[in-house]
Amino acid sequence: MSFLKRRYHSPGTSPGTYDTPQTREVGEPEVSIVDFSATGWSEEGGVPAMTAPRRFPSRWIRIVGHPNLTVLERLRDDLALDPLALEDIVNVGQRPKLSELDEHLFVTLSVPAVTDGQHFRQLSLYLADDTLVSIYDGDTAFFAPVVRRLEQSETLRERGAPYLFYALMDLAVDSLFPWLEVTGDRLEHLEATILEVPDPGIMADVHGIRRELLVFRRIAWATREVMGNVLRHFDADDSGRIHLYLQDTQDHIVTIIDIVEVLRDVSTTLVELNMSMLSHRMNDVIKVLTVIATVFIPPTFITGIYGMNFDRTAGPFSMPELGWPFAYLSVLGLMLLLILGMLVYFKRKRWF
Amino acid sequence: MSFLKRRYHSPGTSPGTYDTPQTREVGEPEVSIVDFSATGWSEEGGVPAMTAPRRFPSRWIRIVGHPNLTVLERLRDDLALDPLALEDIVNVGQRPKLSELDEHLFVTLSVPAVTDGQHFRQLSLYLADDTLVSIYDGDTAFFAPVVRRLEQSETLRERGAPYLFYALMDLAVDSLFPWLEVTGDRLEHLEATILEVPDPGIMADVHGIRRELLVFRRIAWATREVMGNVLRHFDADDSGRIHLYLQDTQDHIVTIIDIVEVLRDVSTTLVELNMSMLSHRMNDVIKVLTVIATVFIPPTFITGIYGMNFDRTAGPFSMPELGWPFAYLSVLGLMLLLILGMLVYFKRKRWF
Amino acid sequence: MSFLKRRYHSPGTSPGTYDTPQTREVGEPEVSIVDFSATGWSEEGGVPAMTAPRRFPSRWIRIVGHPNLTVLERLRDDLALDPLALEDIVNVGQRPKLSELDEHLFVTLSVPAVTDGQHFRQLSLYLADDTLVSIYDGDTAFFAPVVRRLEQSETLRERGAPYLFYALMDLAVDSLFPWLEVTGDRLEHLEATILEVPDPGIMADVHGIRRELLVFRRIAWATREVMGNVLRHFDADDSGRIHLYLQDTQDHIVTIIDIVEVLRDVSTTLVELNMSMLSHRMNDVIKVLTVIATVFIPPTFITGIYGMNFDRTAGPFSMPELGWPFAYLSVLGLMLLLILGMLVYFKRKRWF
Amino acid sequence: MSFLKRRYHSPGTSPGTYDTPQTREVGEPEVSIVDFSATGWSEEGGVPAMTAPRRFPSRWIRIVGHPNLTVLERLRDDLALDPLALEDIVNVGQRPKLSELDEHLFVTLSVPAVTDGQHFRQLSLYLADDTLVSIYDGDTAFFAPVVRRLEQSETLRERGAPYLFYALMDLAVDSLFPWLEVTGDRLEHLEATILEVPDPGIMADVHGIRRELLVFRRIAWATREVMGNVLRHFDADDSGRIHLYLQDTQDHIVTIIDIVEVLRDVSTTLVELNMSMLSHRMNDVIKVLTVIATVFIPPTFITGIYGMNFDRTAGPFSMPELGWPFAYLSVLGLMLLLILGMLVYFKRKRWF
Amino acid sequence: MSFLKRRYHSPGTSPGTYDTPQTREVGEPEVSIVDFSATGWSEEGGVPAMTAPRRFPSRWIRIVGHPNLTVLERLRDDLALDPLALEDIVNVGQRPKLSELDEHLFVTLSVPAVTDGQHFRQLSLYLADDTLVSIYDGDTAFFAPVVRRLEQSETLRERGAPYLFYALMDLAVDSLFPWLEVTGDRLEHLEATILEVPDPGIMADVHGIRRELLVFRRIAWATREVMGNVLRHFDADDSGRIHLYLQDTQDHIVTIIDIVEVLRDVSTTLVELNMSMLSHRMNDVIKVLTVIATVFIPPTFITGIYGMNFDRTAGPFSMPELGWPFAYLSVLGLMLLLILGMLVYFKRKRWF
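Chains as they are written, first to last, in the numbering used here: chain A, 1470 to 1821; chain B, 1470 to 1821; chain C, 1470 to 1821; chain D, 1470 to 1821; chain E, 1470 to 1821.
Hints in this document: simulated from the structure, not taken from any laboratory.
Do not rely on the hints blindly, as some may be mistaken.
[What the hints assert, rightly or not] Short derived list, chain E residues pointing at chain A, Cβ under 8 Å:
(1) L1664
(2) D1720
(3) P1767
(4) S1787
In this text, a Cβ means the ideal position worked out from N, Cα and C, and glycines have one as well.
Could you build all of it, start to finish, from the sequences and the hints given here?
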């Protein structure tokens, strides 16, 4: 239940508090400033000055890793980013959300980590006119597909920072698909296991996946809400195709929510299936054992009868059969018949 | 869980990407261009030029099978179809959806395959003025009823492409009914089986149907949403009877959703019924076996008593009954009475 | 699951298709034309001409039974009824719905059959100015209360066809109450049975009622929707008291929905109650049987000890008790005490 | 399931029918006419004329018991009350509802009976300008707190009939609280019983409470709806503090709904808890019994071995141990060790 | 179920009743009047006059403990606080709510007690222009973080009473986080226990937490509603950053609701997990015991056979094996093989 640990300041803290011990202690994040336009692009790394003169009209400030105090203060001073937004950047593990700060968009999203799908990383995007700031609390590989497209596609560069904003939103949303595929595979694998060897231990696995789905579902719904608000921000008439593309991304998140709901239903179904397979196996075992016991109890009673010590000399009706020459064989035969008869009867009734 | 496999581009792909390896490798789809009006109709097959001069004012471009790159490029170049729409055509297995592209309608629907009801095919419709493009990712038999009506009915031809659009929407929606009927029959059959011979294996069958219903339900709800938007597009005043007809189709999809919900409830009910029938059968078996064991335990105890080896010569109270002439018969009778008495008692109490 | 059988045309059929084989084969329905006003009323039966001159200003055309082709064509030709409405009349088993055709109201409702409450009949009402057409796919007895009121009440006749429309809506809605009462009685009866003699067979009965309630619930909700739209049609200001009366009918359908929801909850409760009563009974049986077995097992062990054949002559510690004069009685007494002690102990612990 | 018995007229009855046999047969209800103003108040009982000249400007007509035909006709003739409202007054057991009749308010509420909290009484309120009619189908004690306040509080009298209307609404809503408290106590008592002595009979009790909560919940939600409409009727600006007071009452009904939902959840929880406590107890019993049986079965087998009658004279390996002097004691000891060993082992494994 | 005890006046009480016996009996609450502005602040304790001349323009009246009659009357007389608000202050345990009294805000919130997280305290806030009254029904430590910030932060003091109002709202909302964290820890601990030693007693613990979560959830949702209304009150344009800060608090309460829903799901999951672990353990025990019993029953039957007393002298087929020299050893060996064979077979089939 680590998802709810320490995700809040202690109550009563002043809003916009980002100067925390954690922030001061983190290492140097990787900062790149990419200027671009249809005609070309340039990248400068390790450059802290975010107001450096632009080589091309559009600018993408890309930060990878936990931002430290220096970076945060540059964001505040150079770009006039609101302290509340800075606080959101520092507190990773936020619910996806969107704030409109003086007509600028600030969006926080959760994306599954590239290397370890079970943890979520935070992607913060700040779009101010033709400048986009992206802070990703993880691995630099995350941005790779978009960086490649930026370097190769003139049309992408031509459309400027808002289109780049869309491209990163789309990247974040589509990053949810592989997580779902992996989870679907895990459920499928569990189902196969249940049908072969039901095992109470599987319950814990299924419950684990259900909990992950719960958390994922919250993220998906919140992302959908964010997407809806972003769509409203990019007015259909003014922003032209970007609106159309965002609608496409919106369709993806709706599809994701559909799949999450189906997977949740499937996981509930697996719990039931496991319970019923386990109880069925148990019943089978108990039935066979009970049949064995039952089949031997009546003949054991018969051996008990002829094990009684009544005095045969007491009279003609006192266990005379003990003296009959074929009595023993008859009794053995009788008991054998009894056992076989019961087995056949139980078998026919499909009791084992 | 194949329904969520590979239904997405890898994250970070540019929007409107339809030039994929899959698209390049598919065979030649079947393309027919049908021109029609009240006075007549003509059909040309294997004709790639979609801008060929019209013989009759209305045109229906009918594509059956996965469209390859040539066809997609013709659609883009001849009809100015948006790349995003082309991407949707290529990515079969989409959620039903509607896009309005410059006042033209683009609709994607899921229909059960004619030959194998458990899989869904994609039907894409593009209505631009008096031209309708339909791409169906399946068998040519699907269009048969509408083709026949087009050839025979003058009124249909007179109403042009928008009415044809309605006719295909209606065909797609009504194609969902047979799927439901088959699923209803399967549930009914399972119910009969459960009441006769409950079997844990049936659980897997019921769960399979539930999962299919889950997927079908998503499709039905999304189709309803699409229908609602199509209805809003065809304004009641301008489009006259087409609006009325679409409302009728809307009623059908509402009925379909009603039936899906009932079938889901029925399938849940079957799971419960199977569980309770199984547990009832199990209980019956266990009860009979336990009664048998119980009935023989007290008489076996009695045989144990008279099997003890106390020395009768030790005194008058040391098992004197062993020497009584009718003791053996009495004990046998007593044990018989005990067994019968218990059986009658248990029977009366309805314990077996 | 007959409720979803054959309720649809084959996909691709033209809209407004009512000239089906079924329609051609049905017998003659009963048609009456009733003209009425405050001053009097007249009825003509077996009269096909629906445009016959009116004796009184308001007209009620009452059709009982499946309408055949002749009647349908008269409705189309004399009253200009839309083919879509005719299709709805022919396809009984529709979801309750309302269409507004050129300012005229066309309503389709489901009512439980008078003679057999488990099946539903279709009542179609068409209100055009001061003419009301009612088609009821069942027994003539259904209309009896309204016919009686029409003949007796001057105020009813004075208010014309719209009021008659309300009266029939109200009749249809109130016809749902007896169905609910019967279903409530059946559930109550089942509950009594469960508390007396739980029986797995009852599960099937309860599930049957649940399925009926599911279908009924769909009808009730759809009827509520229809009522809402009818209320909107009869504007409060213009139609005066009719609006007020319709609101009263609306209250009834809300009450009906309330009761349906309660009954559904009750039926779910019965499933649980039955399960728990059955499992309780089973447990009781098993406990008693297990107690019997358990009580006899230790004394049987004791008899086993004294049934061992150790040679008493082997030494002083080789079963010397077999030769003690009161050993047998003591052992018998010991075993009796053991049995009674265990019974008392188990009884005190309330184990049986 | 008496709550749905006979709460409807037979279908087809004319609206506003209140002249029923039941109405004609009821005894004389208690009618008081109270005139009041800031300066004083007067009460006249047994006075049927509701239009008697007023001694003070505000009038409260208080009717306790089932109104008979005479009273109903006076209401209709003297106050011009609508027949539909009269029908609602006669049909007790209505769903709480509000009608606005020519700007006058007519409200029907359900209140738990003072003396027997499990049944509900109907309170109808009719507010026309400065006249309030209240019909309560129960005990005169219900009105006591408001009567006392009317007699003592000058401010109450000064605010006239609308404030009295509020006071009675508030009384009706607050009367729901004690019912909830009693139900909460019953659930708490059941929970204590379950934790001490689980008993399948408790299921029926819990189910009974759940059904009562279902009915109560419907009443609470309908009351909330009524309150919302009353609030809309008393416009915030015109009616000043009455609006404020009604909002307070609205808060109470929201709190009541909250508590009902919690109690429903608690009752569901109790069903589960009872099931699990019962099954746990059952398991405990079965485990102890099975342990007893199991512990004696291996030693009984040993006694069986030495009870066999092999001829010791047949050879040196034919049961020679029967002749060993300490064999009997050793076997007894062995069996004792076996029994104790198994008991210790099972105890350690916490099997009983 | 103490949460619904005595939280209401007896029905029929006049609104705004705060002069109750309880109010008269409580001790002296702690009252401080803090005046502040950017330039400084002053605090006066034990001062009842709330209209004392201000030393700084903004005033915070801080009341800790149950307010007694004197304090309440001062609030009414000095600040013209509405009697309905006073009633809410006195009746602790209210649902969080907001009233707008003549443009002034009156808010009631529930906060977990600092010292004992399972109980909730009431915080009432009344904001009138530049005066804030806060009444907290608990410990003075609650206000500590805000008091500290007030003393240290010039910006806080500069923004006046509305900002202080926000700071206390934020404090109240953030106080819910630790409660959630503790509850999450308790669930995690219970889960670990269940997986190690399932125990039916845990059910009661889980149910207890579920009930607490139910109550907490109601509070969280009501707080969210209050926050929404507060946000609407502080118009975005006029109140500038306070609106932004309140939105941040709103995000926190949304996150809290998310976590509550996840925890509820987790608790449901724990009930299932416990049930299944318990039933699994029970099954294991029963299986082992049954296997032991089953394994000894057939050999015991064999000992029974050779314990029969047939007369060996009666003929050659009357138990001749009793006289064979190695019969005893063979039978012993046979029985040993039988027992081992069954154990191996059952082990292989994984029956124990």
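Each hint tested on the structure:
1. L1664: It holds, given that the least Cβ distance between E:L1664 and chain A is near 7 Å, below 8 Å.
2. D1720: Check passed: Cβ of E:D1720 comes within 6 Å of chain A, closer than 8 Å.
3. P1767: holds (6 Å)
4. S1787: Check passed: Cβ of E:S1787 comes within 5 Å of chain A, closer than 8 Å.
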